[in-house]
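In order, the protein sequences belong to chains A and B.
Per this note's numbering, residue 2 is the first one in the first sequence, and the count goes up by one each step.
Per this note's numbering, residue 2 is the first one in the second sequence, and the count goes up by one each step.
Be a bit skeptical, because a hint or two may be false.
[Claimed, not checked] Restricting the straight-line Cα-Cα distance to at most 20 Å, the calculated cross-link-like pairs of lysine to aspartate or glutamate (EDC-like) are:
1. B:K511 with A:D515
2. B:K64 with B:D242
3. A:K508 with B:D388
4. B:K115 with A:D388
5. A:K354 with B:D388
6. A:K348 with A:E434
7. A:K332 with B:E349
8. B:K511 with A:E434
9. A:K501 with B:E527
10. B:K136 with B:D242
11. A:K331 with B:E349
12. A:K298 with A:E203
13. A:K508 with B:E530
14. A:K93 with A:D51
15. B:K487 with B:E451
16. B:K4 with B:E480
17. B:K354 with A:E530
18. A:K332 with B:D388
19. B:K332 with A:E203
20. A:K69 with A:E246
In case anyone wonders, no lab produced these hints; they're calculated from the structure.
Since this is a predicted model, take the numbers as computed values, not measurements.
Protein chains: 2
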Amino acid sequence: MKKYSIGLDYGTESVRAILVDTQNGDTIAVSVEHYLHGIMSPCPDFALQDPQDYLDSGWKVLKEVASKVSKNEIIGIGVDFTACTMFPVDAKGEPLCFNSNFKDNHHAYAKLWKHHGAKKEADEINRLATVRGEKFLDYYGGIISCEWMLPKVFETLRCAPEVFNQTKYFVDAGDWIVFKLTGSWVRSATFAGYKGLWSIEEGYPSKEFLNALDPRLENIASTWISPVMAPGTLAGLLSVDVAKELGLQNNIGVSVATIDAHSGVPGMGVYSDRTACFIMGTSSCHMFLSGSLHLFKGMAGAVHDGIIPGLIGYESGQAAVGDLFAWFVKKFLKDEKNLNAFEVISKEAYSLKPGAHGLVALDWMNGNRSILMNHNLTGNILGLTLDTTSAEVFRALVEGTAFGTKKIIETYRNAGIVIDNITVCGGLSLLDEVMQIYSDILEMPINIAESNQAVALGAAIFGALACGKGNGGYDHIEEAVTHMVKPALKTHSPNPDHFKNYREIYKHYKTLHDFFGVDHPEIMQELKELKLNNNR
Amino acid sequence: MKKYSIGLDYGTESVRAILVDTQNGDTIAVSVEHYLHGIMSPCPDFALQDPQDYLDSGWKVLKEVASKVSKNEIIGIGVDFTACTMFPVDAKGEPLCFNSNFKDNHHAYAKLWKHHGAKKEADEINRLATVRGEKFLDYYGGIISCEWMLPKVFETLRCAPEVFNQTKYFVDAGDWIVFKLTGSWVRSATFAGYKGLWSIEEGYPSKEFLNALDPRLENIASTWISPVMAPGTLAGLLSVDVAKELGLQNNIGVSVATIDAHSGVPGMGVYSDRTACFIMGTSSCHMFLSGSLHLFKGMAGAVHDGIIPGLIGYESGQAAVGDLFAWFVKKFLKDEKNLNAFEVISKEAYSLKPGAHGLVALDWMNGNRSILMNHNLTGNILGLTLDTTSAEVFRALVEGTAFGTKKIIETYRNAGIVIDNITVCGGLSLLDEVMQIYSDILEMPINIAESNQAVALGAAIFGALACGKGNGGYDHIEEAVTHMVKPALKTHSPNPDHFKNYREIYKHYKTLHDFFGVDHPEIMQELKELKLNNNR
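Could you build all of it, start to finish, from the sequences and the hints given here?
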């Protein structure tokens, strides 16, 4: 008899369900549904969502894919979600925005991962934690983001104390979906670790720290759900009510949730150390695995069980990659008649020999997420001459993002993490020339993941893992991945003829990186402030 | 009776004659003729011309304008020429390329000012002069250019000793034209001073230095014509033969020649200190006047009588200005349908508030002529973000060239030269928005010269000055300029509301200037070499 697992993948604008054969990884059905209210931005920096949309769209795609096979063949469900996407719920687990008293209160809704309303609060947390030498900072390279849980809760406390006071739990959306499916409250180690300031060694930030931040936050830990468990662990069985609603059996195992990007790691076929995993699209997310804990500046999070159970997962990121290429093509190649501008310039750019343009670009057009964690940094293009072409600049921008990645990998290696190959998924992974440039610059082979929906596949893998072998799933992640992920589409091997020139350019990239990013960040920051002040 | 003077203005690709009323400056006639052979480039770095073209085209335009009035009304001729445009002549003053033995030898032809075949020789001269502490270097800010006389002669010695050995004089083309008109050999202080390593205090480089450079150069001074005299001085009367050939009287006074750009200073109406004169076109030439000699790094030449008789003339330059704007429009706004791309982007760029783009650009896309005198430097654009537009970059490039000018003016002021206003001619002087940006950044009023052929007008002024009052001309430069130059077209006054933001950007410009230009020139240089090595 066939056995299937469902991956339920909640992205920024839509949710996707895929139904996967647990024996061979075949994808039997896919369904995608956009959230009815999309992203709501009632004021600058705000990015809100309505949790009802998660239920409406999520249950719809679940039903849709489940209908493709016999209900007794479906054994598990795994859930991944953007993070930190969070909202307040009452004692029954109902989002406060469902309560008519709060339906007009922005802070009662889900604050999407990219909600930036808590910048001031994040600054205060960073300042105080730095002054006090709080250990938790070390797990995040010394700085936390305004996108994370505590700043968002702190913002709610300040801007909407009436919401804060009525909150039983502040939940990650992914954990809430698992609760809605099973009736069980379980906090994913991934959400707690990367976004919730929790570590297995240190637990949550101390009451002393929280009290110093704001006395009303002292007992905030009582609003986090527990226990904390690794993704791939069984959170519970599908509840009778939901099973009925979805037309499924109620003995289906539901896995502890995970972060969407992180779910891509098993979905790309990776479950052990030495292989870096990149998701490359508008921005890039880099994930690394290691058997041991290394805390160092330049990584944005180190979490036990954070990506793959049993290993420490690390993450870093670049804030603009595909976005950067698109920006250049859109703003600097205004030929509106030419819909193929991207292809045309790519062809010209990729025909150049490495080094032939004499350019080096800092890829910080959307700030530097790793390793400098400074969103006030900006882009720079050096080496321009009167014969420089737009295709040459485009090529330099592509290379600039690869040099940014190289700097990240160097930082990890210097910290003791071994990396000897790379697996990539995401839209950019299909651009062969871009991948070849990355391979040549990083001097490592790059495997292209077979699945074009590796994130959702990863969730399905966790669903199969949560069920266990006895129920037709798997007991170990390596078994699950080995069966459910197909071989890489292709491998790009580094061309040693290109190393010398790229190393020469990278030497200059590092000089610029250190001058503008480390020694004199005030140059870019002051210019950016000038821009902001004169555009108000 | 009316009195007229002719300005004979030899440019890079054509010669222009204008006939000017010496009483009121009215331009009565203009004639322009391109050189038959244009610029000949038989190999990379070579830029040659045929002196026969100077005669054919020059005499033609002279005849043309002279025919517009009675021949007895024409009192003087002034000549300006590009520099250092030089060639070897025999004892009779015939260019060696006119000799059938040498008609296939590149080095027997005129090496145009932008001939770059003597880079190696210039490097050797600079190295040796620096080591020996040669005083002449101080007159040129510490470095001489491969475009000047001695490197070009040295190149001829090495590459074509047979030409070198048959040379009686190596002449500047402007001096040769004066010789052809008058039969008199006179070396212009302008050519000798700015391009010939001569100064009134030190004379020419010493025999010891020349011997150390190459023993065959020890007596090279015997190949320079003499005496050295200031432009505006009478070189001689028009010879009987030439007068007859041109249909002119032979009592016409011919002025000592001058460099084309320098001729623009009186042509713009400037004859005294405190006013900087800019000629702004594809590149910018800056000229300054002072009653006293200041030798400092950052100026490219300081010469007694070099621009205006009786004053020290100083010059500096920026290697790409209009060229830089054209490069950006051509390479980065590829809408071939849109012939008005320059106007469209200008309109958008000039509607921005100062500082609103958050960008700062180093304008070294064709190297830095002043104050760094390093042609290996390249351009840089800093402050790019994902919302940066092409119009914003264009605006930053315009501002970047103005900041480059500001750095030059600061250097002059620091050396003790007073500058409190600016007069500009050239194609860019007619772009009001560009001039306003310059005025705001330089914080000085900018006068736009009335004549759109100020260089040729300056030559006509020198023609009138050479004749003297007794012959219907003038005895003093201020009299000649006052009568022959009309009031400025307009004045752009600096807007104090813009000072603060531009000072802020300039602060960062200077940081980048010093980092890339002074402390770490190897970054741009090594990238440029990489480009060259990978494009061969």
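Hints that the structure is at odds with (numbers, increasing): As far as the earlier hints go, 3, 5, 8, 10, 19 are violated by this structure, in ascending order.
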